[in-house]
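Undergrad: One-letter residues, chain by chain:
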Amino acid sequence: MDTKNDTRNAAAAAKMKAACQLTKPQADFMSCILSAAFAAMPAFLAGLMNCLGGGDGPAGDDYAPGDRARCSS
Amino acid sequence: MNTAIQNIALFRLVADNPDLTAAWIDHESNPPTLQVLTTAGPVLGKLAVRVHNEVIPLLVSPQLQDLPYHIERSDPLHDLRAPLAFGAPLNANQECQNEPIQLGTQLQPAEANWVGTAGLPVKWIDPNRKPHWGILSNWHVMCTANAKKGHPQHQPTDLRPAIAHLSDWNSVSELANNYLDAAVADAWLDGFHTISPEIIGIGPYGNHPIDAIVGLEVTKSGRTTGVTHARCSAVGATVRIGYGDFTALFSDQDVFTHSAGPFSAPGDSGSGILGHSCLCPCALLFAGGGDLTIGCPIRYATQRFNLVFPFNL
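Chains L and X, in that order, give the protein sequences. Quick note, the first sequence lines up with residues 965 to 1037 if you use this note's numbering. Quick note, the second sequence lines up with residues 107 to 419 if you use this note's numbering.
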């Protein structure tokens, strides 16, 4: 057994692990934010338009009387 | 006595005396007088009635017992729906209309076996600040058992296309002290509103709601009696209303007495009651009996549904 090598390898692994703990989650978080932002963009824009238009429900923002037949039966 | 205490005292008076149909304080008389209506009789002229040869004293709360009083016999009061009928229309309010539909017309919720009146064309703002245009009528007209938002509302029968969909309602409880029997249905369908701002036989109504006052001359357009007139005979009344399978008490209601011919009949529930001179909405018709018609003050509907006036602004 090469005890010296084992010790060196263990130290390198520990260093890698520490580095990953610092950087990998950070990278995942940023990519998550970016992908979530892009994925949510259509919903966000729809929500924004909805808010500007006044919320949920039917889309009539002005009174628009119809002239359709309603006595067919 | 302030209004809140007066409402509680009148509610207790009617609640504790099952034969009473209505009670209010007539502030127009000097001194103010307690007015009481009862189905029991004969009336003895004091706060007691004779029932099966037994004199029954009326229970009166301390706030009311020092007032002079006037007690009269009356018919029971009941909601003013009518059974669904399949005959030819009897007046303009029963004719089927194409768009834009003037209100005061008859209305039937899908699968219901009754009709009432689609009373007032109204605009309201929902919690998301979005405007809606639709129909104000009664809860007991537009809501079937287990009513759900979106329930279709038709010109009878429900073979015809819907003209609106139930949006919100204020239900009536047998156990509570009620103030409002009302619902709104959204008239937006496939890109257009089905309804007109006008009321059959009246035209457009006034731009702002008012409170009824004693002596106010009023008019309404309803499914059964069409356009009729009356006078406000009391405000702030507590009334007992029969709903077929239950009875409910209401506080702070407006009472109307007909001028010539009946002001209302079954089928007129849901009509908007308008001050005659400005055609301003003051109450929502929902019950009656004998020569009396009962309306919920329109201010309760305005607050509950966030109604805004005028309709087409």
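Each hint should be verified, as a subset may be incorrect.
[What the hints assert, rightly or not] Pairs of lysine to any residue, SDA-like flavour, derived with a Cα cap of 20 Å:
1) X/Lys236 x X/Ala251
2) X/Lys255 x X/His271
3) X/Lys236 x L/Arg1032
4) X/Lys236 x X/Asp296
5) X/Lys236 x L/Tyr1027
6) X/Lys236 x X/Thr408
7) X/Lys236 x L/Ser1036
8) X/Lys236 x L/Asp1025
9) X/Lys236 x X/Arg410
10) X/Lys236 x L/Pro1029
11) X/Lys255 x X/Ala268
[Said to hold, decoys possible] DEER-style ranges, computed between Cβ atoms:
12) X/Arg179 x L/Ala1033: 26 to 32 Å
13) L/Cys1035 x X/Ile114: 44 to 50 Å
14) L/Arg1032 x X/Glu280: 36 to 42 Å
None of these hints come from the bench; they were simulated from the model. These figures come from a predicted structure and were not determined experimentally. Ideal placement from N, C-alpha and C gives every residue a C-beta, glycine not left out.
Undergrad: Hint by hint, note whether the structure agrees.
TA: Verification of the hints:
| no. | hint | result |
| --- | --- | --- |
| 1 | X/Lys236 x X/Ala251 | violated, 28 Å |
| 2 | X/Lys255 x X/His271 | holds, 7 Å |
| 3 | X/Lys236 x L/Arg1032 | violated, 25 Å |
| 4 | X/Lys236 x X/Asp296 | holds, 17 Å |
| 5 | X/Lys236 x L/Tyr1027 | holds, 12 Å |
| 6 | X/Lys236 x X/Thr408 | holds, 16 Å |
| 7 | X/Lys236 x L/Ser1036 | violated, 32 Å |
| 8 | X/Lys236 x L/Asp1025 | holds, 7 Å |
| 9 | X/Lys236 x X/Arg410 | holds, 16 Å |
| 10 | X/Lys236 x L/Pro1029 | holds, 18 Å |
| 11 | X/Lys255 x X/Ala268 | holds, 14 Å |
| 12 | X/Arg179 x L/Ala1033: 26 to 32 Å | violated, 50 Å |
| 13 | L/Cys1035 x X/Ile114: 44 to 50 Å | holds, 49 Å |
| 14 | L/Arg1032 x X/Glu280: 36 to 42 Å | holds, 41 Å |
Hints 1, 3, 7 and 12 from the earlier list are contradicted by this structure; the remaining hints agree with it.
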